[in-house]
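As you go down the protein sequences, you meet chains A and B in turn.
Position one of the first sequence corresponds to residue 1 (my numbering), numbered consecutively onward.
Position one of the second sequence corresponds to residue 1 (my numbering), numbered consecutively onward.
Read the hints as simulated data drawn from the structure, not as lab findings.
Source: prediction; values computed, not measured.
Take these hints with a grain of salt, some might be off.
Which copy is meant is left open, so a pair is good if it fits within one copy or across any two.
Stated by the list, open to error - Lysine to any residue pairs mimicking SDA-like chemistry, simulated, CA-CA at most 20 angstroms apart:
id, residue 1, residue 2
1, K284, T316
2, K284, Y107
3, K64, E17
4, K450, N2
2 protein chains.
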Amino acid sequence: MNGAEALVRTLSASGVEVCFANPGTSEMHFVSALDRWDAIRCVLGLTESVVTGAADGYARIAGKPAATMLHCGPGLANGLANLHNARRANSPIVNIVGDQATYHRPYDPPLTAATEEWARPVSAWTRTVETADAVSTAATEAIAASRAAPGSVATLILPSDVCWDECGFREPTAAVIAPPAPVDENMVAEIAAILASGEPTAILVGGAALYGSALQRAAAIADHFGARFFAPSQIARMERGRGRPRPERLPFVLDQAIAALAGIRHLVLLGALSPVAFFAYPGKPATPLPAGAAVHVLARPDEDLDDALARLADRTGAPAKAAWSSSPRLPAPRSAITAESVADAVAALLPEQAIVVDESVSFGRGFYGRLHDAAPHDWLQLTGGAIGSGIPMATGAAIAAPGRRVVNLQADGSALYTVQGLWTQAHERLDVTTIILANRRYQILLGELKNVGASIGKSALDMLTLDDPAVNWVKTAQSFGVEAARATSIRRLSSLMAHANSRPGPFLLELVI
Amino acid sequence: MNGAEALVRTLSASGVEVCFANPGTSEMHFVSALDRWDAIRCVLGLTESVVTGAADGYARIAGKPAATMLHCGPGLANGLANLHNARRANSPIVNIVGDQATYHRPYDPPLTAATEEWARPVSAWTRTVETADAVSTAATEAIAASRAAPGSVATLILPSDVCWDECGFREPTAAVIAPPAPVDENMVAEIAAILASGEPTAILVGGAALYGSALQRAAAIADHFGARFFAPSQIARMERGRGRPRPERLPFVLDQAIAALAGIRHLVLLGALSPVAFFAYPGKPATPLPAGAAVHVLARPDEDLDDALARLADRTGAPAKAAWSSSPRLPAPRSAITAESVADAVAALLPEQAIVVDESVSFGRGFYGRLHDAAPHDWLQLTGGAIGSGIPMATGAAIAAPGRRVVNLQADGSALYTVQGLWTQAHERLDVTTIILANRRYQILLGELKNVGASIGKSALDMLTLDDPAVNWVKTAQSFGVEAARATSIRRLSSLMAHANSRPGPFLLELVI
């Protein structure tokens, strides 16, 4: 058995079922081993940004890692932006990068690059394997590292000779996943006292407190004590929709975030980081927190959130769950195209247990609030600000959840980063409905340019608009084998969305806004 | 004046005329400064891989750097693969990356990443500027570093507050470019003796010895002494065509390279690196050089190649130039589609002073040899093995050379990495003819898989073929505003190429092979 086959068997033994891949010459033995040992599904991405973004989307829904297969340093580099997003989402990924043979690397052939240096900043664990005998142990460690709470990118670099050399091999056992650490009881007591104090308090939940019993418990506690209840601006995965808790999302726009938190004396963090401004702006504060507000960490993202909440409920007498009222689902509107009417149409037509991928950027800031009463769904969002995550994330989520419709609310400028992902959706016949919000400009930057007080002349406008020529999204999608159509009214949007969701396979809907 | 305006004025004072850009929020002051000071042409790329690849193509033709404008660490990351190619081509680029404000970075907002760590491996010079007052000096140093022989990527990281803060400013003077160092006369004498010895010798020319008087001199010396005359497998820029020297190109395929160099006793390097195998293969050598062959460095890439050659000619009595016979231009063939007939059709129809961008990968290995007798042209090639360079490189070359037709011989799998570059060609009305060589598979990898002795089963085939669905390149191009048509015969290829080259603006030709 060679190193590549040992790798594949080790991945399989620890429950890795999918490999998102864009292989090159140095990965041919890995490809061959996957071919011979067919327990792992291989999904081809036409660029590495699709590969890593899909691995992120898969991890968020599957709750476990896929493997990637990337080609040398430059292949890794192409995937770094979506690995950055995955890192910010705490998505587990076993990120596998093939590379030059150990003995050939010193010759510095043209494709040699800084593979390990580039991988480290996005990876909680990084190793270049030096011998075939070391592959299986390293892969097991990588899987364990990726799955340790709250989830991380673990990068395994495999020189080609390490893949093709013969190795001794024992049947691997599954990686042992460290359980999340329990929260200190003193901290639970401190938070209980704050909640009981009646002082204006907000609970900000993130990570694993955005779904399952943890979300239910957190919402019930907030409700019990009348505390404000927030989700972060960037949500990796959240369970939402009718009958589920509905935390406010902290606004992306700094002034709005400041307004949302005004008057708060205590901010309790539960698997979330303390909020900061996405960017600095001249003369504005670095965080939206009111001066003098105290931040209390009930549980870090890597700690046992559900257990901490159960203990907090025990201590305070809060219920484990509350009933959440919600308005009935409304029919899709027939009004003009606005952010509100688009959101309402999507809410009306969202299938049960859909997965919503939101990379709607500026146009879609109001979508979150208006989807509270849609059918129950998972909500995934761009987490690291590196645009181009939506199409790949929708692709990976669909691989993780056969039978569930993925609806990707997708800004056009961001979609152009990773449009190649549409081909994978067609190739794999994935149930993804992509709604391109085509405003044909970088609207967010036109706003930011005004924010900095600059006048907008020809050169600036030329760098921020996409209407010369306007991308024909219907042709783009069709060229990659995805059925597509254009809508210029809410009525047409609704009928196309109903059509798209009623049939198997991908569909792209260009909504001219 | 703020830091951003100081930057723009400094770039302009040193002759930087073009900025390839994909801006974000942290670059808004830079955008605004470019808008107010309109000496620099801004060219938008829809992804950063287009931006950096275009800067590479521009530098190869213009012989001087463009600036880039990238958004934070992830924006840089998206551009790293083509910066890797640019580094391998010794292309001068002033690579400008906006980033989080100096005082905001410690808060670790979501888009914060390892900007400087990611930049260093591709950059000969890297600096994060900390104050607005330091911007102008740093930019001047970056330009000088990028232009020092043989040319490099210089990365200037600009936190947003450094751009918006006011600064003291004196009108900048142009960056002083260090001249290339002269070669030691002892080395010239040593090479003269080797050439005079009559022992089997090859001269391998690279860098600035692939064009202008250096190429003429080198070819005349090789001719005078009956030495073999080679160009590297990866050519950054070469002047070719009727009446010009015609070095053999070292084959990419290792066994062929070994055969090409068989019998050589001395290899003289002139601005080129000693040849190595592109990848390691089990049981094959690391370099194609015969055992016992001696390698002599007449001049490193950073030394004065033309001067070294002039002195070598003086010392040996070789002429400065020779007349190079060439066959007459042949009409385009009307045969079946083969690598040879495609090359002959391109050769027949290539416009005078065209720029050929070759990312034809496996199908086009014979193109080089068959274009010896085409009209005089520049030949640019993928240099670092990071595929996805062709469309951006053609875009940048066209910006550098208005009035010259760029012909991009483009493999389909590689084209899919950076297909977004077609939009920039349409937006800027660039005279680029893209010929997509559509074999609908990663042919090179199917070959490599066979080379490693692996059987090719369903999973492997699925990762190496692109025909389910086949990309419709005509629609892809049209969706980005580029006129396009499909050819399934050499006759149709010829008529479409004649049409494409006779009209202004971009054209894409899908050749089904």
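Against which earlier hints does the structure fall short, listed by number upward? Number 1 - this is the single hint that the structure violates.
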